[in-house]
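Add chains R, X and L to chain A, keeping to what the hints say.
There are 4 protein chains.
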Amino acid sequence: MGLMSAKEYKESLRDGRTVYLEGQKIEDVTAHPTLRVCMETAAIDYEMAEMPEYRELAVVAHPKTGELISRYYYNPRDSEDLLKRHELMVAATALGGGVIPFSHDVGADAMNAVNVTANMMGKEEYVQRAESYRRYLQNNDLSIACAMTDVKGDRALRPSSSNQGHPDYYVRVVDKNDKGIVVRGAKAHITAAAYSNEMFVIPCRNMSEEDKDYAVAFAIPADTKGVTQICHPVMTRLSSLDFPVEVPVRAHTDSLVVFDDVSVPWDRVFLCGEWQFAMPLVYNFAYLHRHTAASYRIPMSEALLGAAQAMAEYNGIETAPHVREKITDLVIYVDTLKSLARASCVDYVTHSGVLIPNPVISNTAKYHFAERVHDCVKAVEDIAGGLLITAPTYKDYQNPDTGKYIEKYLGGAAGISAEHRLRMLQLLRRLLGLETEVTAVHAEGSLQAQRMTIYFESLPEIDKCKKAVERAAGINR
Amino acid sequence: MGLMSAKEYKESLRDGRTVYLEGQKIEDVTAHPTLRVCMETAAIDYEMAEMPEYRELAVVAHPKTGELISRYYYNPRDSEDLLKRHELMVAATALGGGVIPFSHDVGADAMNAVNVTANMMGKEEYVQRAESYRRYLQNNDLSIACAMTDVKGDRALRPSSSNQGHPDYYVRVVDKNDKGIVVRGAKAHITAAAYSNEMFVIPCRNMSEEDKDYAVAFAIPADTKGVTQICHPVMTRLSSLDFPVEVPVRAHTDSLVVFDDVSVPWDRVFLCGEWQFAMPLVYNFAYLHRHTAASYRIPMSEALLGAAQAMAEYNGIETAPHVREKITDLVIYVDTLKSLARASCVDYVTHSGVLIPNPVISNTAKYHFAERVHDCVKAVEDIAGGLLITAPTYKDYQNPDTGKYIEKYLGGAAGISAEHRLRMLQLLRRLLGLETEVTAVHAEGSLQAQRMTIYFESLPEIDKCKKAVERAAGINR
Amino acid sequence: MGLMSAKEYKESLRDGRTVYLEGQKIEDVTAHPTLRVCMETAAIDYEMAEMPEYRELAVVAHPKTGELISRYYYNPRDSEDLLKRHELMVAATALGGGVIPFSHDVGADAMNAVNVTANMMGKEEYVQRAESYRRYLQNNDLSIACAMTDVKGDRALRPSSSNQGHPDYYVRVVDKNDKGIVVRGAKAHITAAAYSNEMFVIPCRNMSEEDKDYAVAFAIPADTKGVTQICHPVMTRLSSLDFPVEVPVRAHTDSLVVFDDVSVPWDRVFLCGEWQFAMPLVYNFAYLHRHTAASYRIPMSEALLGAAQAMAEYNGIETAPHVREKITDLVIYVDTLKSLARASCVDYVTHSGVLIPNPVISNTAKYHFAERVHDCVKAVEDIAGGLLITAPTYKDYQNPDTGKYIEKYLGGAAGISAEHRLRMLQLLRRLLGLETEVTAVHAEGSLQAQRMTIYFESLPEIDKCKKAVERAAGINR
Amino acid sequence: MGLMSAKEYKESLRDGRTVYLEGQKIEDVTAHPTLRVCMETAAIDYEMAEMPEYRELAVVAHPKTGELISRYYYNPRDSEDLLKRHELMVAATALGGGVIPFSHDVGADAMNAVNVTANMMGKEEYVQRAESYRRYLQNNDLSIACAMTDVKGDRALRPSSSNQGHPDYYVRVVDKNDKGIVVRGAKAHITAAAYSNEMFVIPCRNMSEEDKDYAVAFAIPADTKGVTQICHPVMTRLSSLDFPVEVPVRAHTDSLVVFDDVSVPWDRVFLCGEWQFAMPLVYNFAYLHRHTAASYRIPMSEALLGAAQAMAEYNGIETAPHVREKITDLVIYVDTLKSLARASCVDYVTHSGVLIPNPVISNTAKYHFAERVHDCVKAVEDIAGGLLITAPTYKDYQNPDTGKYIEKYLGGAAGISAEHRLRMLQLLRRLLGLETEVTAVHAEGSLQAQRMTIYFESLPEIDKCKKAVERAAGINR
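In order, the protein sequences belong to chains A, R, X and L.
For the first sequence, my numbering assigns the number 24 to the initial residue and increments by one for each residue that follows.
For the second sequence, my numbering assigns the number 24 to the initial residue and increments by one for each residue that follows.
For the third sequence, my numbering assigns the number 24 to the initial residue and increments by one for each residue that follows.
For the fourth sequence, my numbering assigns the number 24 to the initial residue and increments by one for each residue that follows.
With the rest of the complex left out, here is chain A:
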């Protein structure tokens, strides 16, 4: 018990879980060339706890027991604590080359959301289950994914609508007995689930009374019977056409997680039919997780800024006015993101005793990142030049017949070799493009989801502002 080592974490994944990739069943996720890279990425969280320079950030003494626990599973008590957690996520992502480990962070957000919601419901059994599960995670330092997004079918219809093609487009309770509940359905885009110990399952939308079988939240081990994961392919190795780079590739895959009549014991059930609390649970998770999102996007945003400046210098255009304007725009983008993420810790709110980074500000932070990332991508593409997609390969560089030409002709400003430019362009091809853009737009909820949260959370502020102008206009309503 206590902190798990990186080695223990990896070994713990050989548990018979059912995972498919590219049409094949993967017997041991720790041995598969793609999934192993993802697992190594997740293991960074555990490694940080073992590294002297990060230990203080990653680990904290339990306020009651004094035992060392992951900072993610610790309950922040003031804005200092919130800022520390924020800095931990930034540091972990920087270590992961722009990829957050996802071992504890998202699970902790779900754990806290479940705790807050249990308190809101005021049912003692839920409060105790949530608290006991928190202690379980703290004591065993387990990695945990969060399965939220249902596959949904027709997005315009409610879960229980008879116009849906079938009743299972949202995860639902199909049976209950004295041991627990039986659930059916599927969740999409579940990052890191294939190499997490546990899985939180929570609703992804508001529910009406008719939907009450869909108002269900629980946690289960990833190897639970009836759970099948279908992962999607990810690029985890450089190809033979690429320049070799010593920095390891970091990546995650996401799973379509299918629950084919899965049994969940009562002590792991955190919502079951209380349809009025589906939405609060969603919101409580979203509050916390959008702050996580805003945090881990900082290193990626900084990479866009760094790449733009590097390519500008390599091409000799860093003082061209329109280039300097683009760099300035990128600085504004990065520093606004950082300031919003930090301000949300400073001006936190408290829900049922749990500190929550200011919801309006952290949603604004995440939205700022996602709404403008395409502009930043465009700026980098503009500065980098067409060679981004027309650059010759490492093999052309190695072949002496073509390598001599490449070395001669693809140099840049003084002191910048063709190799430097080709290496930077290679990095940029990984940094830019579809996956970056789609993840920005959709991970942690769509742009519209953030806008809705911002709107509803700021209704009191809107009203205050309205009343002030009414006074100024001499209007008494």
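Where hints are given, some of them may not hold.
The list treats identical chains as one, so a pair stands whether inside a single copy or across any two.
[Claimed, not checked] Derived SDA-like pairs (lysine to any residue); straight-line CA-CA distance at most 25 Å: (1) K490 - R395; (2) K30 - R260; (3) K427 - D201; (4) K107 - V372; (5) K30 - H85.
Because the hints were derived from the structure by calculation, they are not lab data.
Below, chains R, X and L without anything else, positioned relative to chain A:
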């Protein structure tokens, strides 16, 4: 000595200063119908020190003497102090119906900039003069304007360029003697100078060695011989076509301040020929003043949000999707501004012992406000409707022949009378429009000035980000 | 009969109409200092028919009778004709210093919409009434306004909703008899109605069966009994603080037009209860009128471009990179507007025998103008500088004590006197600001109204594009 | 002689040209699996001339000889001709599944630019060479690429700058003799050069007198001695993880073309030392080619619109307000592009007897496409959902253990099977992403290049607008 009362402030302005307005010389600015309103606006600063609910915010004990002084003239020691000063400016502006008093704030920014620059120059006499002038302001609680923007002539030419129409387009030293210096030139857009006690005069751009006569900074009383102010008209009364409103109109005017061979004693000279320090003085002022700007724009931004919501409700469209999106955009605008202004206090820097709100972040805050204000104005105009400009007048409302039609036909959603709508539209006509837009774009430096500061201040951050991507790409330079 | 002279037009307005302005009843609109300026603006249409250089553009032979008629009342037969009409509006607006005369243009759009809709309904009596009214306008060359926008009350409710404060928020038929109908209600923002001969009244939204009393369209003389107009104040003279300018001020006012149980004879009724055709009539008018709008905004857009370049040169910044970028953005704005307006004539459609500029393209043109005008205003404000609002007045310039300073200090780049700059700034204050912005956003329908038209009109195009990608994806539905 | 068949075109490529791909020398480009697909794409141009439904568009009788020639090599005589050529490019690109064949179009732009520039220079020999080469292309119907972009080295330095790493960063004349010239250098991003018959080589920037050796333009066969092409990899086959689709994959590759002391006979030299005409040649090519660019981007833009609508329907969200707004934005994008491209044909200009689509408008068209494409990509990504990157593969769909879950859970709105959604997402992954974005930004010149053209080409229009506002302000300069 010590704090000045609002009454004393007003009386102090009957000093024989030379002020023109609408082509006429104003003998007593405190008696002129327009200038009196401006003076009343400025007096709010002094009134707050007398109001129990604001006293703690507005006044602070001098750390050495214990004497009560204006918080503006107090040296902040930590982020708490910076946040308090920020909150004072927000509160004062809210009290001023969206107009900041401008009695101490901008002058304090200049005072601090002069102090920092004196320390940077390392000349003992400048350090002592700056420090002594700070004590003078603290002890006498004087209001002080800051005259920065020269009239410039051809903006593409240096001050000393022989291609300028004449050598006086930037304020310059035309003579020196043992008593002091003699200066000539003119400064434009000097807000509140017509009703301030003193006036800081500082350069507005970098200087080369040829420009050294233009590298001059000093402070003088507003009634100094040779100083002529030409103010521009401002709307300080509601017209007879307007609905009467009890809330007083608040406004400022700006002066074209002409220095026609004005003598300045040496102990009020803070820069005289040290051309290398013209730019640092400009920057030090800009750092501080853009934070002031970001602060005092918060109530005005909140008014735009409040007005949009009010008109949406009056028109019955507050739940229309495109209206809700616009309200959400306004919330994002306001909360980003507030978060950036606050974050700049949290992550402050220290220059020569003076605490400076983070320059990149506070410039980003001011830029955010100014860059997007037109979008906000557009949203409010869109929601308010064409009645904004086609509304009948209060006289039409009073005339029973037309009033009956107006009352019947210009009502809005349930419970919203025609009078309510007309009153809100009247307020909006003051809130929106040319003055708001131009002030946003140009006060405290143009958009481009803020972009330049952001760029140059973030060069170390840019470089750090660049080096990180180079490492990731396997590039050793 | 035949063409009316400008003199005849003006005389025709002394007809006892009921018009109020600033709370007073105006006995003779042609004699009132404000309304006379508006009338002179409208008279440009009639003057052009008398000016040799415009006669060919303004006047055309009736294809059957050969009699000369206004081009506005002529039925275009090909894209050449549409382009000619477009060029007429551009020329008239340029002559009007950026203000379109509004004597025939908007009325012609309504006339054509009424004709098309009559044909769509297929009721012979409507077809004949519409045709006969067209001949009446052609033969008498009358000026005619179009009253479309109802006062609406709660915009979220239907006209007939019992939740509306009263049943008259939309113009409706309160009685019918063998002579005609009696109508009650009020229309807002009716430009030029106070100095037009006639007035078209048409619905402004779709109607359901319950709203059928509100599905009414008709035309009446402006002096019809029961019609009261309440105009809003407009600035039609330069003040004594302004530099005198020889170019006449051009302006329009808009009326709140109240119909207090007004009788309309049957031969002037074009819709009465056919609620299904309220929307088609709205759309047919909008198709035509948004093209008119896109046309007459061209000179105004060109003025923004010209003003930006003028001020850039006066300030000596026309080659600064960020200024050149803003000028380029303005060129793109202007030329996109012009290209869209012209392309809509080239790719016209035909509705019931009437040529309609392509609805998607002309709505896109109008939307382009309105959606981006704030950006253009911002660019001009940015380039012009703070003097836009802080400039001294003509009186200060005349007073020798201050005039000498202004002349010396407010000069610009070589050869640009203070007077030049002050004159241009004075023009800009009229060109920019609230009225420009609100008119852009709301005249001829809101931004959202144009977006809706674009969406619904392009459904077939959207579907065609969708089917093409489905084929490419191998999807057979 | 005369038109070449698609078969003849392909056979003509077996000519011993030196082409490398992925580090390997390709002996026969027509036999290589990747290059063959590119060649098939280029062959569409030749196939259209053979297809009855396109023949009239693709082929035209030579006005003098009456012989049938490609429309691309025909000289347009009026706006009708320009519109026909525009429609040919749109149709060819639609046939190519969004990829333009590139066999004649870009070469024809270069050919016309060379003709115009020869006339501008007024040297008879150049005029005759250009005319004779045009006849050669007409008579032999050859495909021809255009090599314009030099590799540049330090972009801030001139070609002849001694600070460049070596003197060959721009193609230059290293020797002349009585047979012709010898050239050295390299051109980057040369689309379709690997499977074109000929290659135009023209400068890519303005030149000063020092650069005169770099002021060179010529045409040579692709198999000329000393010419080496290094292509970049392209995706020309669906992978085994993809759903099979019957529609062929279309693609191009681009070459880095190296000129290692290549001899060019005098009759193929079109510029040699006349440095003043480097820029006019660049501009003349850019005028024409940006219109080509605007034309061939239409089908691709329509595909984005179609994809957005398809995915919106599949997901059941096509009536959600924010989705409808995005669709509307895409319609505005597409129709503005189409209108600008067409308007540039209507308002053409004539340079040295050659009709040129209006340069300001066609540059605005290309710029509009490129400047806003990221917004469109974002809209499609937003509507499509995270499944864009997390979708399971065709192999998962085929494996019955996972296929049953996929079929059940990844269905969408009523009637939309999982297969439909997965197929559309697969298409979108090809349509979106880095290559689309970078090509949009950089092909046919960067965003900034278009802005510069727009600015300089519109200087007369800007001046006209400025003079108009000066008149209105009463300013006589």
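Here's how the hints hold up against the structure:
1. Taking the shortest alpha-carbon separations for K490 and R395, only the inter-copy value of 24 Å comes in at or below 25 Å, while the best intra-copy value is 32 Å.
2. In this homomeric assembly, K30 and R260 come within 25 Å of each other (Cα to Cα) only inside a single copy, at 22 Å, whereas the closest approach across copies is 41 Å.
3. For a Cα distance limit of 25 Å, the shortest separation of K427 from D201 qualifies neither inside one copy, at 75 Å, nor across copies, at 31 Å.
4. Proximity of K107 and V372 under a CA criterion of 25 Å is satisfied in both settings, with 17 Å inside one chain copy and 20 Å between copies.
5. Only within a single protomer do K30 and H85 lie at most 25 Å apart by alpha-carbon distance; the minimum there is 23 Å, versus 59 Å between protomers.
Checked against the numbered hints above, the structure violates only hint 3.
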